[in-house]
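Chains as they are written, first to last, in the numbering used here: chain A, 233 to 344; chain B, 478 to 590.
None of these hints come from the bench; they were simulated from the model. Built from N, CA and C at the ideal position, the CB exists for glycine as well. Heads up, a few of these hints could be off.
[Claimed, not checked] Quick list of in silico lysine-lysine cross-link-like pairs, BS3-like style, CA-CA up to 25 angstroms:
| hint | chain 1 | residue 1 | chain 2 | residue 2 |
| --- | --- | --- | --- | --- |
| 1 | A | K311 | A | K274 |
| 2 | B | K490 | A | K311 |
| 3 | B | K507 | A | K274 |
| 4 | A | K300 | A | K274 |
[To be verified] Which bits of chain A does chain B cover? Going by a derived footprint, with three or more residues having C-beta under 8 angstroms, they are:
| hint | segment |
| --- | --- |
| 5 | 275-284 |
| 6 | 332-344 |
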Amino acid sequence: EDQVTQSPEALRLQEGESSSLNCSYTVSGLRGLFWYRQDPGKGPEFLFTLYSAGEEKEKERLKATLTKKESFLHITAPKPEDSATYLCAVQADVTGRRALTFGSGTRLQVQP
Amino acid sequence: DAGVTQSPTHLIKTRGQHVTLRCSPISGHKSVSWYQQVLGQGPQFIFQYYEKEERGRGNFPDRFSARQFPNYSSELNVNALLLGDSALYLCASSLGRGTYEQYFGPGTRLTVT
């Protein structure tokens, strides 16, 4: 069974204080690992897809990296508007199992 | 371009009732997936449809059913509602059923009393 574990559950940062969120996964052949941002009461917003170990992607203050067992979302000099829940999901490379398996998320609060 | 749309936004139902939730995918997208998100948890997969056929089903009871229409829109039906069905129901669309990014709609907040 595919599993995704995210840590920490919650993180409070001061504006400008860089940090990293962790996503550990177990999957029967990784087809893709996805990062989403979710604001309260809204649907997840797509951020990144990573396909293979060693891959990195960046978007503004966010950088996602991938190893064979985990992914990190690095947040550089965060701003209050980066406050949200960040979700990690994996897609298995198994026919008929293309659904995403999500972790419980990391709730990030950035204080001014 | 319009994103994924869902209706209604909010819904309050009584135990034992039936509910229908609707989703319109991004133009050009042929695959729709449904997820249930309980407060404090990540979304949990319910169904995936591609070209009007069911391509995957999560670990949900038979009270949950869905279908996809020729215009690729979709509806999720839940019968005999239980208090535990209260959640945010999310629809996601993607180009196909392979490794394509899934884009989520705003969700329908269902409350069962």
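Do the hints match the structure? See the list:
1. K311/A <-> K274/A: Distance of about 20 angstroms is within 25 angstroms: holds.
2. K490/B <-> K311/A: With a Cα-Cα distance of about 39 angstroms, the restraint between K490/B and K311/A is violated, given a limit of 25 angstroms.
3. K507/B <-> K274/A: Roughly 23 angstroms between the alpha carbons, so the hint for K507/B and K274/A holds.
4. K300/A <-> K274/A: This hinted pair is violated, its Cα atoms lying about 31 angstroms apart.
5. 275-284: Since three or more residues must qualify, the claim that chain B covers the segment 275-284 of chain A holds, with 6 doing so at under 8 angstroms.
6. 332-344: holds (count 6)
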